[in-house]
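Colleague: Turn these sequences into a full structure, and let the hints steer you where they fit.
Number of protein chains: 2
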Amino acid sequence: MTITDAATARPADPAEFELPPACESGAFDAESSEARIVRDVLARVGDKWSLLVIRMLHEHPMRFTELQRSIDGISHRMLTQTLRNLERDGLVTRTSYPEIPPRVEYAATELGRSLALPVLGLVEWASTHHASITGARERFDVTRA
Amino acid sequence: MTITDAATARPADPAEFELPPACESGAFDAESSEARIVRDVLARVGDKWSLLVIRMLHEHPMRFTELQRSIDGISHRMLTQTLRNLERDGLVTRTSYPEIPPRVEYAATELGRSLALPVLGLVEWASTHHASITGARERFDVTRA
DNA sequence: CTGTATCCTTTTGGATACTG
DNA sequence: CAGTATCCAAAAGGATACAG
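Protein sequences appear in the order of chains R and P. With full-length UniProt numbering, the residue at position 57 of the first sequence is 57, and numbering never jumps. With full-length UniProt numbering, the residue at position 103 of the second sequence is 103, and numbering never jumps.
If you're looking for bench data, these hints aren't it; they were derived computationally from the structure. Incorrect hints may have been included.
Pairs count within a copy or across copies, as identical chains cannot be separated in the list.
Below, computed lysine to any residue pairings styled on SDA-like, alpha-carbon distance capped at 20 Å [as the list claims (entries may be wrong)]:
1. K48 to V123
2. K48 to E87
3. K48 to R77
Modeller: Here it is as structure tokens:
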């Protein structure tokens, strides 16, 4: 993804991706724009934290600190940023109750919940095949010294 | 992922992840190690090119240059590196025919093909909902100036 | 509690030259 | 053709201080 520091550099140009400069001798637009779509979505879902947040919010709405506690290694800054991106993409909602101290609830949207489905498929694949991958890695690494 | 430059820094320590320093007051091992597994697999599949390579090889085996031509923006270096990582994880095989000039064929393994399934689910989700995301982004951005 | 801003390190990845 | 190595720019992300 572009969007260097979405939480920080707010007034910058949003929604800006690396459109390949319409290179001539390559694949066609149909294919390459579909590739962009896939990369685009995968970039959102594939970054370090988005999936884990989506997954937590798929169960029930949660507030900021609750999420931070339940996600283990996530930093304050990255949680904010991840939530902002997910909100921007219409995958979660943010509801702020003007109390004191402030309370903010995050929840998955319909879109976010629909994303959770294929994502959970991937999660299941990961659990099922993780050992195979680890094994393959070890074998690969020893044969290379 | 760790593995700074897998194609380059070969003799370094492989298979090394950021094990959280067994922090006391947080989630339990069961949860946090499962989270690592998910992040781990997602890191492989979620980087800039792996998925696209997996997807191409899911259709039929291909050789290096063929892949490079069909993937559009990928650089020589990143294709090598991505293939090396996928090979290491047991997701693709590399078969080199000692001809001159050399010919190398890459193919998805059984494991790689099984990964393609949930991945294609995600790809389908991406195609279906990409417009929603784009729309949400635009709405979000205009309400922020 | 929630969020923003700053600083700084690590990682990612492109360009490019060179090898068998 | 396939692969490796070097160099360098950009991006990701953690720590931390601070504000409402």
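Colleague: Against each hint, give a clear statement of whether it holds in the structure.
Modeller: Cross-check of the supplied hints:
Both within a single protomer and between protomers do K48 and V123 lie at most 20 Å apart by alpha-carbon distance, with minima of 14 Å and 19 Å respectively. Only within a single protomer do K48 and E87 lie at most 20 Å apart by alpha-carbon distance; the minimum there is 16 Å, versus 22 Å between protomers. Proximity of K48 to R77 under the C-alpha cut-off of 20 Å is restricted to the intra-copy arrangement: shortest distance 13 Å within a copy versus 23 Å between copies.
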